[in-house]
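Number of protein chains: 2
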Amino acid sequence: MRKILLIGAGRSSSSLITYLLQKSFSENLHITIGDVSLELAKSILQNHKNGTAIALDIFNDEERQQAIKNSDIVISMLPAHLHLNVAKDCLNFGKSMVTASYISNEMKALNEEAIKKNLIFMNEIGLDPGIDHMSAMKVLDNIRDKGGKMLLFESFTGGLVAPECDDNLWNYKFTWNPRNVVLAGQGGAAKFLQEGKYKYIPYQKLFRRTEILTIDGYGKFEGYANRDSLKYKSIYGLDNILTLYRGTIRRVGYSRAWNIFVQLGMTDDSYTIEDSEQMSYRDFTNSFLAYNPNDSVELKLRHYLKIDQDDIIWEKLLELDIFNSTKKVKLANATPAQILEKILKDSWTLKEDDKDMIVMQHLFGYELNGEKHQIESSMVCIGDNQTYTAMAKTVGLPVAIATLKILNGEITTPGVQIPITKEVYKPILKELEENGIIFKEKNVPYFGYNPDIII
Amino acid sequence: MRKILLIGAGRSSSSLITYLLQKSFSENLHITIGDVSLELAKSILQNHKNGTAIALDIFNDEERQQAIKNSDIVISMLPAHLHLNVAKDCLNFGKSMVTASYISNEMKALNEEAIKKNLIFMNEIGLDPGIDHMSAMKVLDNIRDKGGKMLLFESFTGGLVAPECDDNLWNYKFTWNPRNVVLAGQGGAAKFLQEGKYKYIPYQKLFRRTEILTIDGYGKFEGYANRDSLKYKSIYGLDNILTLYRGTIRRVGYSRAWNIFVQLGMTDDSYTIEDSEQMSYRDFTNSFLAYNPNDSVELKLRHYLKIDQDDIIWEKLLELDIFNSTKKVKLANATPAQILEKILKDSWTLKEDDKDMIVMQHLFGYELNGEKHQIESSMVCIGDNQTYTAMAKTVGLPVAIATLKILNGEITTPGVQIPITKEVYKPILKELEENGIIFKEKNVPYFGYNPDIII
Numbered sequence: 001m002r003k004i005l006l007i008g009a010g011r012s013s014s015s016l017i018t019y020l021l022q023k024s025f026s027e028n029l030h031i032t033i034g035d036v037s038l039e040l041a042k043s044i045l046q047n048h049k050n051g052t053a054i055a056l057d058i059f060n061d062e063e064r065q066q067a068i069k070n071s072d073i074v075i076s077m078l079p080a081h082l083h084l085n086v087a088k089d090c091l092n093f094g095k096s097m098v099t100a101s102y103i104s105n106e107m108k109a110l111n112e113e114a115i116k117k118n119l120i121f122m123n124e125i126g127l128d129p130g131i132d133h134m135s136a137m138k139v140l141d142n143i144r145d146k147g148g149k150m151l152l153f154e155s156f157t158g159g160l161v162a163p164e165c166d167d168n169l170w171n172y173k174f175t176w177n178p179r180n181v182v183l184a185g186q187g188g189a190a191k192f193l194q195e196g197k198y199k200y201i202p203y204q205k206l207f208r209r210t211e212i213l214t215i216d217g218y219g220k221f222e223g224y225a226n227r228d229s230l231k232y233k234s235i236y237g238l239d240n241i242l243t244l245y246r247g248t249i250r251r252v253g254y255s256r257a258w259n260i261f262v263q264l265g266m267t268d269d270s271y272t273i274e275d276s277e278q279m280s281y282r283d284f285t286n287s288f289l290a291y292n293p294n295d296s297v298e299l300k301l302r303h304y305l306k307i308d309q310d311d312i313i314w315e316k317l318l319e320l321d322i323f324n325s326t327k328k329v330k331l332a333n334a335t336p337a338q339i340l341e342k343i344l345k346d347s348w349t350l351k352e353d354d355k356d357m358i359v360m361q362h363l364f365g366y367e368l369n370g371e372k373h374q375i376e377s378s379m380v381c382i383g384d385n386q387t388y389t390a391m392a393k394t395v396g397l398p399v400a401i402a403t404l405k406i407l408n409g410e411i412t413t414p415g416v417q418i419p420i421t422k423e424v425y426k427p428i429l430k431e432l433e434e435n436g437i438i439f440k441e442k443n444v445p446y447f448g449y450n451p452d453i454i455i
Numbered sequence: 001m002r003k004i005l006l007i008g009a010g011r012s013s014s015s016l017i018t019y020l021l022q023k024s025f026s027e028n029l030h031i032t033i034g035d036v037s038l039e040l041a042k043s044i045l046q047n048h049k050n051g052t053a054i055a056l057d058i059f060n061d062e063e064r065q066q067a068i069k070n071s072d073i074v075i076s077m078l079p080a081h082l083h084l085n086v087a088k089d090c091l092n093f094g095k096s097m098v099t100a101s102y103i104s105n106e107m108k109a110l111n112e113e114a115i116k117k118n119l120i121f122m123n124e125i126g127l128d129p130g131i132d133h134m135s136a137m138k139v140l141d142n143i144r145d146k147g148g149k150m151l152l153f154e155s156f157t158g159g160l161v162a163p164e165c166d167d168n169l170w171n172y173k174f175t176w177n178p179r180n181v182v183l184a185g186q187g188g189a190a191k192f193l194q195e196g197k198y199k200y201i202p203y204q205k206l207f208r209r210t211e212i213l214t215i216d217g218y219g220k221f222e223g224y225a226n227r228d229s230l231k232y233k234s235i236y237g238l239d240n241i242l243t244l245y246r247g248t249i250r251r252v253g254y255s256r257a258w259n260i261f262v263q264l265g266m267t268d269d270s271y272t273i274e275d276s277e278q279m280s281y282r283d284f285t286n287s288f289l290a291y292n293p294n295d296s297v298e299l300k301l302r303h304y305l306k307i308d309q310d311d312i313i314w315e316k317l318l319e320l321d322i323f324n325s326t327k328k329v330k331l332a333n334a335t336p337a338q339i340l341e342k343i344l345k346d347s348w349t350l351k352e353d354d355k356d357m358i359v360m361q362h363l364f365g366y367e368l369n370g371e372k373h374q375i376e377s378s379m380v381c382i383g384d385n386q387t388y389t390a391m392a393k394t395v396g397l398p399v400a401i402a403t404l405k406i407l408n409g410e411i412t413t414p415g416v417q418i419p420i421t422k423e424v425y426k427p428i429l430k431e432l433e434e435n436g437i438i439f440k441e442k443n444v445p446y447f448g449y450n451p452d453i454i455i
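As given, the protein sequences belong to chains A and B, one line each in that order.
Read left to right, the first sequence gives residues 1 to 455 (our numbering).
Read left to right, the second sequence gives residues 1 to 455 (our numbering).
Honestly, the hints are just simulated from the structure, not real lab data.
All of these numbers come straight from a predicted model, not from anything done at the bench.
Note: identical chains are not told apart, hence a pair may lie in one copy or across any two.
As a list, the in silico DSSO-like pairs of lysine-lysine whose alpha-carbon atoms are at most 30 Å apart: (1) Lys306 x Lys220; (2) Lys220 x Lys372; (3) Lys328 x Lys231; (4) Lys42 x Lys69; (5) Lys328 x Lys300; (6) Lys231 x Lys300; (7) Lys351 x Lys220.
Only chain A is shown next, with the shape it has when bound in the complex (with noise of 0.2 Å):
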């Protein structure tokens, strides 16, 4: 038996250990899952032959160094600042490694001596990053060894509620941790490049430039930029590139919408607002706006925010209950934007029978012989329910493919590395595809930059 380590048996690894379990059969493999709760660890095994299950206090470094030794490949779930005890671990054990978080800079300096040791570390091979830079490699690679030249790359991602479920006026559900939706795009501005000018947009802009994208079979998306489009320029070969830009799905609307609580200051989470606990959802919205003894709350807000009298927008907030005064915060020295997430997650948190979606979008555009042409590469992903959601599976697939190919022998250069060479991303897309993750490419004529699409 080829012994497989899973660290952290958290939401994002049911498709992951469903997966490496229905090959344990075939592959000749046993999975230990480590978590700091063996309750958890259990119930996720449900005693499954080829399994163990472990209690595992990641701080603890003899439970935690035992249980890499004894293993031939681990996998790291842990949040991303806890991986590098196990990395040096795993240098010092001699196992080969596979994450689904970002890189580190403290990650990357084990490179040398992973590479000394004929040790695979494999980061940032879940959905975002990791589905990313493979379907894109896949795509540049094609383009470059025809002989094109980049012009364009953009990329949007997004985590959605599926058709059938999608049942509110925003379109969106919670599919993800609520928190970081609130708090998106804050932290400084958008920095993108656009027919070789670099742009910037500010928080307070971020939601209203978006861009409009069509997927076939799930009509129109929009996509808002990300704060960091210019983060693989490198490392993707698009040091010439024109137009490199990185954005976040949402359905048609949201991001204006959305607009009406950055404007009013309800996303801001640096600071407490007074007696949070007492107040009304009404009280709440109405901090925000000028007092006034004749007036409204809604009026208020509407002359504020120059909302028509016919805007989809309001039937949003309302929607929401923003004016309720019954509903109270509960929340004891809260900031607007952990108050903004209760108010939110009434609304917005998935039923029992609610999948998820997850949705991405590339578009490559290139000269070739003089002409200019351009590629479009969609994915759509649906969960099949909340255990197995569309977030679990395009996360946690990747990250079992690799691994076994990593065992297997599929994978061998050596290194810390992220999922951008063919030796990597070609066997891992093809089986993605096999699971149901296909990227369907087309041509479409070239854009460019075309102001027609943004709104």
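Following the hints, complete the assembly by docking chain B onto the known chain A.
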């Protein structure tokens, strides 16, 4: 001769020094000016017979202690964070001390020992903080002495250009640190009280929630909220007040136009712009607008921020030359805020003959014998020239007057304090009046919160 030591001979000490030197004959004073630059100290004294210039390095313990030991009272006009060593020496050698800076926690911690040694450490006795405390407390104490109950206190201060030198569309020039003007309002939501309700304004709306004020003989002004409206609530004895608001004064229309820079993201100081050195002003402006192959930077900006064809805002932007394609930024690795500051300095630097103006207004709403009343108290001070600016007079004179009154035993209560007691503010306000810094009080109808005065 009584010996006064002034440490730090910066921009705001001209009126302070002149006042003390003029008094030196009748009051039998000797003024020692210690500055890191002996040249500067000498040039200010101009061989006055009752003055001595010394080179004083504040970080040299021996030099500093020697100078303090040799004096009867010490004025520190150093940056706020450098007062503490001076204060500790003053405690050791038994000298009282005066500063115009905000009182720090470290300074407060010296209170008990100062009282024990019968020393006065007077802080926050410049303009703002300083004259604002004294002029407010005078009216507040009057109202309360009559048995009035405070309902509303609003206080506004601004440094502007004098009306006779006001020759640009913004009705504004830099009269103090330009960087602070560009960064004004950043760092957290403005918080205040309106009719018993806490209100919050995020940065992105700060310049769209101004209040209008009128000062007899000087016309209309506007105020935008300071972050710290509640800072002196308890100190002024206003714990049960319904409305408490502190603001910064500009000429009407400034804030609505300034909001354009906020919305574009030009006031951001948290990241640097690529290739800033080579950029034209036009390139800088364009970096905050979407790329478009057909439209001008001008039309893109007008459309993005919905500026009407005949809106005076547009003329204000043109006046600053932000669309100029030949003027270069010439600042390497500059933040947007640094570049904006540079652009503004081209237009907003005081000319040689320009004078500045300080404007302050307080509104006091109160109830007495079942009736509501309101008092408006306003002060305008215009600079003589670029040495004896309104800023130097209003910051320096209260410091000088307080120093002399402490030295003369007219102010006697010991301890680390700010000028909010009758013993302190009465004689100082009186002498400020004799020096042309005069508050005019008048009774006006009680407004409470009057929506008609909000724009």
